[in-house]
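**Student:** Starting from the given sequences, assemble the full structure and let the hints guide the process.
One point on numbering: in full-length UniProt numbering, the residue at position 25 of the sequence shown is 25, and numbering is uninterrupted.
There's no promise every hint is true.
Derived DEER-like restraints, expressed as beta-carbon distance ranges [claimed, not checked]:
| # | residue 1 | residue 2 | range |
| --- | --- | --- | --- |
| 1 | ASN14 | PHE34 | 29 to 35 angstroms |
| 2 | ASP17 | LYS37 | 27 to 33 angstroms |
| 3 | GLU40 | ASN14 | 36 to 42 angstroms |
| 4 | VAL15 | LEU35 | 28 to 34 angstroms |
| 5 | THR20 | GLU40 | 26 to 32 angstroms |
If you're looking for bench data, these hints aren't it; they were derived computationally from the structure.
Nothing here was measured: the structure is a model prediction, and the numbers come from that model.
For every residue, glycine included, the Cβ atom is placed at its ideal position computed from N, Cα and C.
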Amino acid sequence: MLEKFVPFALPFPNVTDVLTFIIHIFGLEFQHFFLAKIFE
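**Tutor:** As structure tokens, this is what we get:
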């Protein structure tokens, strides 16, 4: 879990990249959680 957040320590060119990265990560986490609930 923590490995996924290591990139946060790296410098980002701008805020948009940071937001895109966060949305992408949480989007994937949500999908995995959602699918796990469906196929439980």
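**Student:** Hints first: check each against the structure and report whether it holds.
**Tutor:** Going through the hints against the structure:
no.	hint	verdict
1	ASN14 - PHE34: 29 to 35 angstroms	holds, 30 angstroms
2	ASP17 - LYS37: 27 to 33 angstroms	holds, 31 angstroms
3	GLU40 - ASN14: 36 to 42 angstroms	holds, 40 angstroms
4	VAL15 - LEU35: 28 to 34 angstroms	holds, 30 angstroms
5	THR20 - GLU40: 26 to 32 angstroms	holds, 31 angstroms
Hint compliance for this structure: every hint is met.
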